[in-house]
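Trainee: As a plain string of letters, each chain reads:
There are 2 protein chains.
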Amino acid sequence: MRTAYHGQLDHLAAQLGEMCGLAGIAMKRATQALLEADNAAAQQVIGDHDRLAAMRAQAEREAFALLALQQPVAGELREVFAAIQIIADVERMGALAVHVAKIAEREHPKRVLPEEVRQCFADMGKVAIALGDSAKQVLVSRDPQGAARLHEQDDAMDDLYRGLFGLLIDDDWRHDISVGVETALLGRFYERFADHAVEVGRRVVFAVTGELPAEDEISTY
Amino acid sequence: MRTAYHGQLDHLAAQLGEMCGLAGIAMKRATQALLEADNAAAQQVIGDHDRLAAMRAQAEREAFALLALQQPVAGELREVFAAIQIIADVERMGALAVHVAKIAEREHPKRVLPEEVRQCFADMGKVAIALGDSAKQVLVSRDPQGAARLHEQDDAMDDLYRGLFGLLIDDDWRHDISVGVETALLGRFYERFADHAVEVGRRVVFAVTGELPAEDEISTY
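Chains as they are written, first to last, in full-length UniProt numbering: chain C, 1 to 221; chain H, 1 to 221.
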């Protein structure tokens with residue numbers, strides 16, 4: 001019985017890791033769709049989200065069943081408790097990738113982004129993919145040290161996001177308001193993706209140590 | 001023992017309702033800060049958020065203790081399971097109010113919003129406050145019908161948000177890009193506040209009925 005129980009816990013943890021991997025891939029493809037006006041990539045992100053949503057529902061059912069049937073305590077209860085919260089964060093990461101992909105799809109075959117912010121988005125995309133990877137690794141390794149790396153990557157994202165606003169309000173900016181607004185919202189989707197990855201790390205630290213690290217202060221945006 | 005247990009469940013539910021009420025008040029004050037360049041209101045929203053964050057931590061501890069010590073099953077387990085998810089949504093509603101307040105604070109004594117979008121934000125503020133109230137009522141009454149009302153209010157918010165973008169891309173728009181970007185992001189904060197209130201309703205329906213209503217499709221933004 002204990003073996004089946006631990007098998008269920010391991011399965012739940014593996015599912016979270018897989019969901020995180022899918023969210024990272026979705027953001028990678030969404031960035032490709034955005035930068036290269038790649039409509040096939042956009043469509044794939046949008047179509048694949050159903051799979052992530054189904055995995056979310058399945059993971060929630062498994063977490064519920066674990067609580068109902070196994071009544072875990074101590075560290076194992078923390079695992080399930082954290083999983084319930086992590087599931088929501090990871091699904092949101094995937095949804096943010098869909099937001100990016102839907103804008104690319106709507107504007108296709110036009111490229112959404114003006115030349116001067118393309119590099120910034122390429123960099124935000126790289127950091128987002130790295131954050132997805134790191135969050136997945138933390139979920140699999142249960143290593144609280146990995147959560148610190150997530151923070152560093154999030155700091156890099158915050159710097160890029162601030163840099164994006166610097167470009168947007170620069171006197172040299174010569175694009176329509178609609179382009180500016182879309183660029184700002186797209187930036188926000190990357191920044192929120194990073195925040196959710198950091199949140200995954202915080203919850204893993206709670207599961208492993210019983211202590212929840214402090215949250216970052218809420219920024220202006 | 002059963003009595004103490006139900007007292008704990010009731011206390012958790014009451015805390016969620018109170019948190020929701022605080023998030024609604026925060027968005028009301030943040031809207032006042034935004035529309036009237038009322039710096040005292042902005043400061044109050046920012047300062048009060050610590051209380052909501054502390055309530056979140058306390059509610060999570062209580063939910064954890066309920067699972068660990070009482071090992072609820074069936075409907076009572078659904079209550080606690082839903083509570084864990086609702087806590088995160090309600091805290092996020094409060095954080096979005098802080099985002100609005102911080103922009104008002106940063107721009108003070110200047111008014112952030114151009115004249116032509118003020119009415120739209122006044123309306124979004126009203127809908128947000130109504131959503132906070134409705135979510136609180138649903139939490140207290142456990143009435144799944146109330147969740148339907150949340151959906152209607154969210155539809156109203158979506159209409160306002162779309163209308164805001166109509167104003168932003170109108171040829172008559174004559175403001176700096178920075179104003180346009182800030183206006184768009186502010187609109188997004190209200191729209192997300194509404195989404196989280198709807199999510200609270202979905203989770204209450206799950207707690208009461210065991211069925212989780214379908215999510216809305218992800219929109220372009």
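Read the hints as simulated data drawn from the structure, not as lab findings. Treat each hint with caution, since some may be false.
The following label-pair restraints were derived from C-beta to C-beta distances [claimed, not checked]:
1) L212/H - Q71/C: 30 to 36 Å
2) D159/H - Q145/C: 18 to 24 Å
3) T3/H - S141/C: 42 to 48 Å
4) D159/H - Q71/C: 33 to 39 Å
5) R106/C - R106/H: 29 to 35 Å
6) V73/H - A40/C: 43 to 49 Å
In this text, a Cβ means the ideal position worked out from N, Cα and C, and glycines have one as well.
Trainee: Each hint should be assessed against the structure and marked as holding or not.
Mentor: We went through each hint and held it up to the structure:
Distance hint check for L212/H and Q71/C: the Cβ-Cβ separation is about 22 Å, which falls outside the suggested range of 30 to 36 Å. The beta-carbon spacing between D159/H and Q145/C, approximately 47 Å, falls outside the hinted interval of 18 to 24 Å. Remark: the range hint 42 to 48 Å for T3/H to S141/C is upheld by a beta-carbon distance near 44 Å. The hinted range of 33 to 39 Å is not satisfied by D159/H and Q71/C, whose Cβ atoms lie roughly 46 Å apart.
Between R106/C and R106/H the C-beta distance comes to about 32 Å, which sits within the given range of 29 to 35 Å. Between V73/H and A40/C the beta carbon distance is about 47 Å. The supplied range of 43 to 49 Å therefore holds.
In terms of the numbered hints stated before, the structure departs from hints 1, 2, 4, listed from lowest to highest.
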